[in-house]
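Residue numbers for the sequence shown follow my numbering, so the first one is -15 and each next one is one higher.
No lab work stands behind these hints, which were simulated from the structure alone. Treat the hints loosely; a few may be bogus.
Okay, derived cross-link-like pairs now, BS3-like style, lysine-lysine, Cα gap no bigger than 25 Å in a straight line [what the hints assert, rightly or not]:
# : residue 1 : residue 2
1 : K166      : K206
2 : K381      : K345
3 : K345      : K382
Computed spacing ranges between beta-carbons, pair by pair [said to hold, decoys possible]:
# : residue 1 : residue 2 : range
4 : G207      : Q77       : 37 to 43 Å
5 : S75       : S40       : 16 to 22 Å
6 : G41       : E184      : 23 to 29 Å
Quantities reported herein were computed from a predicted structural model and do not represent experimental measurements. For every residue, glycine included, the Cβ atom is placed at its ideal position computed from N, Cα and C.
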Amino acid sequence: MNRFIRRLALPLCFTLIAGAGVACGKDKKSDNASKTNSSGAAAKEDIKVGAIFDLSGPTADIGTPYADGIKDYVEYRNSTGGVDGHKLALSWQDFKYDPTVAGQLYGQYVSEGAKVFMGWGTADTEALRPRVTTDKVPFMSASNAETLTDPTVTPYNFFPGASYSQQMRIILQYIADHNKGKVAVAFFHHDSPFGTSPLEDGKKYIADKKLSIDFSDYAMAKGATDYVAQIGQAKAKNSKYIIIQNVPSPAAVLATNLASAKSTAQIVCLNYCANEIYVKKAGAAAEKTIGVVPFAPPVAGLAGLDEINNFLKSKNTDAAAKGQGYVQGWYTMAVMSEGIKNALAAGGTLDGPAIKAGLEKIKDFKTGVSDPISFSSTFHAGLLSAPLYQVDTGQWKKIQDPITVQK
């Protein structure tokens, strides 16, 4: 009889008190607001953040340090009290740069209550745009596609840098200013929406400003082991400059191919190959490469990295070792957190529209590695400017203060 009673006890307990939300043996509270802190006061509710990272896909070389920057910023922020006492609860997975998987994970995390979402590339960000708008979920990614800057079209998309198109305008104007007469420019790009993002805007800028630039473009196929054929075509056009819109690994292959072909063309990297990974992989072939760099390389001694370096000291590393992608990820999450902070300060319900308004209130947010970041109700890119750097004896060194151009 006693054995029979014991067998019934657990299911009966759950049945009798399920309405109270309590399980026998251990209390489980899903409402974070009901938790208490060490002083016995009610703790504030966690703010759920969804994220996708490319840790094993075609852009994992830069995606991995970027993801680490986001994750470490969340750890740092929570260790210092969170956002106005609210801890950031980050949920993430590796989506391998697959837009289909991105859609599945986005749906999962939003259904679980994510207030904001941290995406990754242009392909996934563009694919999710309609859902983000419908769901009213503030979305920030590493994509700097200019299509994401107009809030009348994409009201909940933001990014803290200068758009790829703006980077293209900056370097095209620089080239025009430093050359007399017609100059040939070859644009080598990742074969994806990320790669082609600044293409048409670059052509338009040349036409609108009547620049003496002969512009041609070449797709860099995924998985290609060399770009010899495309180099031959660019050489036939006497291309004096080769602009690369790609991540570090394929950009390094291209630089090596150019060196083997004894090319004298000036290589220019837009931001995702203008980093230490490219220099390490390309070696001597990276020398004299110019980079359009919205977020400065975190070289040792650079002012403005104290916050990151103080955090990383306990992990026996520093920002210089973590790299540029890490710093960009850190500050992307920092900017999103600032928008959340502004929304909380305004009172009311912490929801998508409130956080969107909080992001649009950000003015001159200082990072220490870029010009101050600002958003508005009419423009959702954080920067219009970017400095130029050049590889000199294996290190990125500034050669031009931040440049701003008008469309």
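Outcome of the hint check:
no.: 1; hint: K166 - K206; in the structure: 32 Å, violated
no.: 2; hint: K381 - K345; in the structure: 33 Å, violated
no.: 3; hint: K345 - K382; in the structure: 31 Å, violated
no.: 4; hint: G207 - Q77: 37 to 43 Å; in the structure: 24 Å, violated
no.: 5; hint: S75 - S40: 16 to 22 Å; in the structure: 18 Å, holds
no.: 6; hint: G41 - E184: 23 to 29 Å; in the structure: 26 Å, holds
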